[in-house]
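**Q** Okay, here's what each chain looks like letter by letter:
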Amino acid sequence: MHVVAGLAGVGWPGVRELVVRPRVAELLWNTARLTGGTVLLCAVLGVGAAWLVERTALPGRRVWHVLLVAPLAVPAFVNSYAWISLLPGLDTYGGALLVVTLSYFPFVYLPVVAAFRGLDPALEDTARGLGLSGAAVFRRVQLPQLRVAVLGGSLLVALHVLAEFGALQMLRYPTFTTAIYDQYRATFNGPGATALAGVLLLLCLVLLLAELRLRGARGYVRTGAGVARAGRPVGLGAWAPPALLALGGLVALSLAVPLGSLALWMARGSSTALSVPALVQTTGTTLGLAAVAAAVTTAMALPTGRLAVRARGRVATLLERSTYLGSSVPAIVIALALVSVSLEVTPWLYQTVPVLLAAYAVLFLPRAVVPVRAAFEQAPPLYDDVAASLGSSAADRLRRVTLPLLAPGLGAGAALVFLAVVTELTATLLLAPTGTTTLATAFWSASSALEYGAAAPYAVVMVLLSAPATVLLSRDARRGLTT
Amino acid sequence: MSSLTVTGVTKAHGGTPVLTGVDLHVPEGSFTALLGPSGCGKTTLLRLVAGFDDPDAGTVEVGGRTVAGPGVSVAARRRRIGFVPQEGGLFPHLSVAGNVAFGLPRRQRRDAGRVASLLELVGLDAALAERSPHQLSGGQQQRVALARALAPAPSLVLLDEPFSSLDASLREETRQAVADALTAAGATAVLVTHDQAEALSMADQVAVLRGGRLVQLADPRTLYRSPRDLDVATFVGESVVLDADVRAGRAHSVLGVLELEQACQDGPARVLLRPEQLRLGPVSGAGPRARVRGVDFFGHDARVRLVLPSGVAFSARLEGRDLPAAGDDVTVGVLGAALPFPEPRLDEAPVIASS
Numbered sequence: 001m002h003v004v005a006g007l008a009g010v011g012w013p014g015v016r017e018l019v020v021r022p023r024v025a026e027l028l029w030n031t032a033r034l035t036g037g038t039v040l041l042c043a044v045l046g047v048g049a050a051w052l053v054e055r056t057a058l059p060g061r062r063v064w065h066v067l068l069v070a071p072l073a074v075p076a077f078v079n080s081y082a083w084i085s086l087l088p089g090l091d092t093y094g095g096a097l098l099v100v101t102l103s104y105f106p107f108v109y110l111p112v113v114a115a116f117r118g119l120d121p122a123l124e125d126t127a128r129g130l131g132l133s134g135a136a137v138f139r140r141v142q143l144p145q146l147r148v149a150v151l152g153g154s155l156l157v158a159l160h161v162l163a164e165f166g167a168l169q170m171l172r173y174p175t176f177t178t179a180i181y182d183q184y185r186a187t188f189n190g191p192g193a194t195a196l197a198g199v200l201l202l203l204c205l206v207l208l209l210a211e212l213r214l215r216g217a218r219g220y221v222r223t224g225a226g227v228a229r230a231g232r233p234v235g236l237g238a239w240a241p242p243a244l245l246a247l248g249g250l251v252a253l254s255l256a257v258p259l260g261s262l263a264l265w266m267a268r269g270s271s272t273a274l275s276v277p278a279l280v281q282t283t284g285t286t287l288g289l290a291a292v293a294a295a296v297t298t299a300m301a302l303p304t305g306r307l308a309v310r311a312r313g314r315v316a317t318l319l320e321r322s323t324y325l326g327s328s329v330p331a332i333v334i335a336l337a338l339v340s341v342s343l344e345v346t347p348w349l350y351q352t353v354p355v356l357l358a359a360y361a362v363l364f365l366p367r368a369v370v371p372v373r374a375a376f377e378q379a380p381p382l383y384d385d386v387a388a389s390l391g392s393s394a395a396d397r398l399r400r401v402t403l404p405l406l407a408p409g410l411g412a413g414a415a416l417v418f419l420a421v422v423t424e425l426t427a428t429l430l431l432a433p434t435g436t437t438t439l440a441t442a443f444w445s446a447s448s449a450l451e452y453g454a455a456a457p458y459a460v461v462m463v464l465l466s467a468p469a470t471v472l473l474s475r476d477a478r479r480g481l482t483t
Numbered sequence: 001m002s003s004l005t006v007t008g009v010t011k012a013h014g015g016t017p018v019l020t021g022v023d024l025h026v027p028e029g030s031f032t033a034l035l036g037p038s039g040c041g042k043t044t045l046l047r048l049v050a051g052f053d054d055p056d057a058g059t060v061e062v063g064g065r066t067v068a069g070p071g072v073s074v075a076a077r078r079r080r081i082g083f084v085p086q087e088g089g090l091f092p093h094l095s096v097a098g099n100v101a102f103g104l105p106r107r108q109r110r111d112a113g114r115v116a117s118l119l120e121l122v123g124l125d126a127a128l129a130e131r132s133p134h135q136l137s138g139g140q141q142q143r144v145a146l147a148r149a150l151a152p153a154p155s156l157v158l159l160d161e162p163f164s165s166l167d168a169s170l171r172e173e174t175r176q177a178v179a180d181a182l183t184a185a186g187a188t189a190v191l192v193t194h195d196q197a198e199a200l201s202m203a204d205q206v207a208v209l210r211g212g213r214l215v216q217l218a219d220p221r222t223l224y225r226s227p228r229d230l231d232v233a234t235f236v237g238e239s240v241v242l243d244a245d246v247r248a249g250r251a252h253s254v255l256g257v258l259e260l261e262q263a264c265q266d267g268p269a270r271v272l273l274r275p276e277q278l279r280l281g282p283v284s285g286a287g288p289r290a291r292v293r294g295v296d297f298f299g300h301d302a303r304v305r306l307v308l309p310s311g312v313a314f315s316a317r318l319e320g321r322d323l324p325a326a327g328d329d330v331t332v333g334v335l336g337a338a339l340p341f342p343e344p345r346l347d348e349a350p351v352i353a354s355s
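In order, the protein sequences belong to chains A and B. Going by the numbering used here, the letters in the first sequence line up with residues 1 to 483, in that order. Going by the numbering used here, the letters in the second sequence line up with residues 1 to 355, in that order.
You can take every hint at face value.
Here are some chain A residues pointing at chain B (derived, C-beta under 7 Å):
| id | residue |
| --- | --- |
| 1 | VAL386 |
| 2 | ALA388 |
| 3 | LEU390 |
| 4 | SER392 |
Rather than coming from a laboratory, the hints here were simulated on the basis of the structure. Just so you know, even glycine gets a beta-carbon here, dropped at the ideal spot from N, CA and C.
Please work from the sequences and hints to get the whole structure.
**A** Have a look at this one:
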């Protein structure tokens, strides 16, 4: 909305002048080849790793599963910092591709693992019974069923690459998002930043529509009652050592390198003065902001989740879908919009905590909606009826039946938002009140000044805080990622 | 405990009529089954009585007090009607004790003795009190749901197909426990079911619902022996329906001349026999001949599928001994009388059944 209004103010010739220029073409090329390359690599790595872990007789499959999800605990900008501080020569296309792929391949891995688990082995047996070979079974039976998961994961990767700011800025690889930030810092809310944001939004929309078209309307739901039988794992034979080596390499690059680098800088940084009070204060600020944002966002998710389950219909579906849109819009665009709206409409709110919380709410609402919605599905109206027949009043029913049933879902939603806020960088950089530093922004200012040792402790705290959510995700792969 | 009276109740869901004028009286302390095929509106009627929905027209009275009617709608929580939903509907976040005590006043909720006596009433061990609902079998869940519904001493208990999700072996046992508990509590109860055997064996009176209307209200024996029409007859049990010609109070049919249960005008009619009224004899004996098409053996008895030379097919229900084999020829004898249903005359307007 803001972007469109801003562009309208400039007028069509102005827009054309801002958009059609060599700099934009260069950014477009940069963004496109990074997005395309990352999506391709993530799809190959994600599907390959998921197949090895779910369908083969590889030793230590459960350990591998956790290790392959674990990179999600390391924010992309921390991963980027870990690599560039070790290898300063990584500020190239190849470096950006490497770092972003290592950060985002679990987005494909997780849904594909869930899809493999959901595949009914009876279908494979049936196909074999109809005379299909092993390769034909994979191509004609398994692949079509994995398509939705691969597409969904790839979309997630693409949207994240488009929105990625910290990691790429640190690698000095310019894309639309980093250019918008630079433009904003240079000219402060000029139409230039708005025009670039418009192009970025358009790219996101194209991606969303493309995914919808490719996915098609057909769902793949296992028919029939009962639990799917677990499949028989494929023996790898002589291929086991190379497969183990490949997985080991992937885990080493995506997990051991960033953690090792962090440890290294922690050791080196402790010689320079580590300001413990500053670290404690920043952690406190971050936790406080995250807690309030989690509470606000979960409260906002309640009506949406309830409508989506109890009053299925067009309006409810539209409302639910529109909350997902927020997560597809890059944080930088939302932050930019909130900056100018707060400047124009409510100047006294500019750079205050409420605006920052609003940005968090828009960005992370879908993370809360999904578990809250699932919780409402666990609490059908039947329980309400039964309680009423037992003489319980509306307020009493809310307290004794509805809230206890919703509590786990509300908790999960709040935890997901909480952890997302802890590692949020882009919107916080633009919107945080002066003097308010979070772990991410403190880390950012230290590492931008090339004080790698001073930045490390903040990164370690972020990784430690993100770890529990990652464990949850690896345990419940079926629920999958939503943003 | 109170009686229940439903008068002229209609209800439509989104323009589709579900109930079209239902009248029903359930005497105090009785056990009534609402029997009907799926989609006949029986669950809707139950929800209207419980107060989860309001009728479009008509009144519902419990113990002489109008709880739903023109301008009256007493909230479900003030009706004092216990409700046992399909599959129990136990609160998953509460223990068995928490579930049973849910409807008790706050002071009594912690009274372990009260919970134990309620569990005992439904035939459950008091040691189950601290279990979670998901640790119970389906039958145990149903019994806990009944204990929960009986705890606040309701004036009426409604059971919505409580046994349909249970295994056959568990179903019989749970039915017995529920019937005993309801008798012990002296409760007026209404059971919704689509299972005719369940309705006939458990209830004092059975109300047959069809197409949103009450078709017949009778005690189980009367319903089985004197169904109002052939649809009800075939719905409440296996039937042998034959074309016959009634002359001087006897029906002339392919199975010979049959005595009639009740008077019937002369002329064409259809007559109803139950399969257990048929007896088979050796082919040398008297009576019409039939050929055995097949035998369904159940252990305690068997169904013998027969066909007459004229092509009319029917079944006989026999004890499990001395059964014929498929392909045998037998003679068929009839015990007792048949129930006649006069054919509507073709030159007259068809008579529309009304309740």
